[in-house]
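K.L.:
This is what each chain is made of:
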Amino acid sequence: MKNDLLFDFTVDKAAKTVFITREFDAELSLVWDAFTKQEILDQWTAPAPWTAKTKYMNFEVGGKRFYAMVGPDGQESWIVQEYTSITPKTNFKMLNAFADKDENRQLPGSEWEYNFSEQNGVTKVKITIFNESFDRMEKLLEGFQQGFSMTLEKLENLLTNLTQK
Amino acid sequence: MKQDIFQAIADPTRRAILALIAIQALTPNVMAEKFDMSRQAVSKHIKVLHECELIKPVQSGREIYYHFNPKKMQELDKWLSQFRKIQETQFNQLDKVLSTIKKQKK
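Order-wise, the sequence lines are chains A and B.
Read in order, the letters of the first sequence are residues 50 to 214 in the working numbering.
Read in order, the letters of the second sequence are residues 1314 to 1419 in the working numbering.
Chain A on its own, in the form it takes in the complex (with noise of 0.2 Å):
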């Protein structure tokens, strides 16, 4: 794998809006998959130890993907995203609204906009993401901070099982 691939993130808090760019070894049509189909997603949407699981996913202009990250107690944080506009292998653009596991969305949620282009086999993936609210983006990462603090928790307990014997 090569280690070379750029990775850039970089925040305007005036226009509340993040900028990442990311490359990835591998052609466009397989990277575009990667974000735009339910069977990949769920391989890595999810930081790890959480997991993704995909109740329904419909990729077209007004569909939806619905789905949870599932943490390692089995805890659930559940997001819905709207497809609002799709130019196959180029760009598509979503709205991102965290959820109650029936799909009930707290909004205002965040606007997310990617573009896909390609370079010597490699694949440039530049991401958008503008929030309205500081404080609903601040949610995303309770559940995460719970999920990660527990983990560190059981790493200590482990640890601290091992140098006892």
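Derived from the structure by calculation, the hints contain no laboratory data.
Be careful, since some hints might not be right.
Dumping the calculated DSSO-like pairs for lysine-lysine here, alpha-carbon to alpha-carbon at most 30 Å [said to hold, decoys possible]: (1) B:Lys1385 to A:Lys62; (2) A:Lys62 to A:Lys113; (3) B:Lys1391 to B:Lys1360; (4) A:Lys138 to B:Lys1409; (5) B:Lys1385 to B:Lys1347; (6) A:Lys102 to B:Lys1360.
Label-pair distances were calculated between CB atoms; the ranges are [claimed, not checked]: (7) B:Thr1402 to A:Thr66: 52 to 58 Å; (8) A:Asp61 to B:Glu1346: 27 to 33 Å; (9) A:Thr136 to B:Lys1419: 25 to 31 Å; (10) A:Thr59 to B:Ala1354: 44 to 50 Å; (11) A:Ala97 to B:Asp1324: 23 to 29 Å; (12) A:Pro121 to B:Gln1353: 50 to 56 Å; (13) B:Gln1372 to A:Asp61: 33 to 39 Å; (14) B:Lys1415 to A:Pro137: 38 to 44 Å; (15) A:Asn140 to B:Gln1387: 31 to 37 Å.
In this text, a Cβ means the ideal position worked out from N, Cα and C, and glycines have one as well.
Given chain A, work out where chain B should sit, using these hints.
P.N.:
Positioned in the frame of chain A, the structure of chain B alone reads:
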């Protein structure tokens, strides 16, 4: 209603006020003078900034001085760095998924 920090800093006048009081605490009257605004307009901005805890009032005699509260801005930075980490983790996971798919195709 509690003000949102994104809304608070999206406004150029409020950013200018923050930049100014980050250097030195000011009273609403002085702020109005510096920005050539009405006292009423300044009060509105102060209210927004105060409600999201970006500034805090300190009474000094008969005057109220507004101080910059860096803690709130640090919260935002902390959040952003964690968000960045999560994105990074996910993309590293995707690298592995892509390389697995590529191998299967061969």
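K.L.:
Given the range 50 to 56 Å, decide if the beta-carbon distance of Pro121 of chain A to Gln1353 of chain B lies inside it.
P.N.:
Holds, at about 53 Å.
K.L.:
A range of 27 to 33 Å was offered for this pair. Does it hold for the Cβ distance of Asp61 of chain A and Glu1346 of chain B?
P.N.:
holds, 30 Å
K.L.:
Does the hinted range 44 to 50 Å hold for Thr59 of chain A and Ala1354 of chain B at CB?
P.N.:
violated, 32 Å
K.L.:
Between Lys1391 of chain B and Lys1360 of chain B, does the CA-CA distance stay at or below 30 Å?
P.N.:
The hint holds at about 25 Å.
K.L.:
Are the Cα atoms of Lys1385 of chain B and Lys62 of chain A separated by 30 Å or less?
P.N.:
Holds, because 13 Å separates the two Cα atoms, which is no more than 30 Å.
K.L.:
Indicate whether the distance between the beta carbons of Thr136 of chain A and Lys1419 of chain B respects the range 25 to 31 Å.
P.N.:
Holds: the Cβ-Cβ distance is about 30 Å, inside 25 to 31 Å.
K.L.:
Cβ-Cβ distance between Gln1372 of chain B and Asp61 of chain A: within 33 to 39 Å?
P.N.:
holds, 36 Å
K.L.:
Hint check: Lys62 of chain A vs Lys113 of chain A, CA-CA at most 30 Å. Holds or violated?
P.N.:
Cα-Cα ~28 Å, so holds.
K.L.:
Starting from Lys138 of chain A, check that the Cα of Lys1409 of chain B is at most 30 Å away, please.
P.N.:
holds, 21 Å
K.L.:
Given the proposed pairing of Lys1385 of chain B with Lys1347 of chain B, does the C-alpha separation stay at or below 30 Å?
P.N.:
holds, 24 Å
K.L.:
Look at the Cβ atoms of Lys1415 of chain B and Pro137 of chain A and judge whether their distance stays inside 38 to 44 Å.
P.N.:
For Pro137 of chain A against Lys1415 of chain B, whose Cβ atoms are near 21 Å apart, the range 38 to 44 Å is violated.
K.L.:
Given the hinted pair Lys102 of chain A and Lys1360 of chain B, is their Cα-Cα distance within 30 Å?
P.N.:
violated, 43 Å
Figure legend: structure checked against the earlier numbered hints; hints not met, in rising order: 6, 7, 10, 11, 14.
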